[in-house]
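Asker: Each chain is listed here by its residues.
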Amino acid sequence: KQEVTQIPAALSVPEGENLVLNCSFTDSAIYNLQWFRQDPGKGLTSLLLIQSSQREQTSGRLNASLDKSSGRSTLYIAASQPGDSATYLCAVLRDSGAGSYQLTFGKGTKLSVIP
Amino acid sequence: DTGVSQNPRHKITKRGQNVTFRCDPISEHNRLYWYRQTLGQGPEFLTYFQNEAQLEKSRLLSDRFSAERPKGSFSTLEIQRTEQGDSAMYLCASSVTSGRGQYFGPGTRLTVL
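Protein sequences appear in the order of chains A and B.
Oh and the first sequence: position 44 is 44 in the working numbering, straight run, nothing missing.
Oh and the second sequence: position 67 is 67 in the working numbering, straight run, nothing missing.
Incorrect hints may appear among the rest.
Computed spacing ranges between beta-carbons, pair by pair [stated by the list, open to error]:
no., chain 1, residue 1, chain 2, residue 2, range
1, B, Glu56, A, Ser69, 26 to 34 Å
2, A, Ala29, B, Thr97, 43 to 51 Å
3, A, Ala78, B, Thr111, 35 to 43 Å
4, B, Leu39, A, Glu15, 23 to 31 Å
No lab work stands behind these hints: they were computed from the structure.
C-beta: ideal position from N, C-alpha, C; glycine also.
All chains, please: the whole structure from these sequences, using the hints.
Answerer: What follows is the structure in structure tokens.
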């Protein structure tokens, strides 16, 4: 059974700092990995999607890396802003060979960026 | 390109009542998913549709839960005889294919009193 762990559970940083969020998964047979942002009481916003054959993806101040063989991904946020405050969730899609569809999520990292 | 929409956004009900939620996926997406999220946890998979066919159900989807996607467009999730343990955020997502990511709606927050 796939398990996804995110460390740390919570993180507080001063505005302008660069930061790294970590995600690990137990089964390396994944199809892709997605990073999401969730604001309190809201749905999930997709930030970055990395296919299993890719090493990294970038969008603006966000960079996500994937090391499939070691079961790890990181989300790097440059020059953090108060508006980045949210919970960040990592999710993996299993490569079942017969059609993959079920995302397995970590519990998230709650980020607070202090002005 | 409108995103995934869900209605209602909030539902408060008394234990034992039935509730129904609706999800409208992104128009060209033929795959639709339901997830449930409780406080402090990541979303957990409930069920998956490809067009109108329900292809997978999680063990979390007890007999009191039923989901439909009658014409391969919108979907409904019904919970019968609600229990306090059903209180959660119910999230709907859609995708074109597995490889292009899942895109989520704003969720329906259910509170069972």
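Asker: Going through the numbered hints above, which ones does this structure break? Give me the numbers in ascending order.
Answerer: 2
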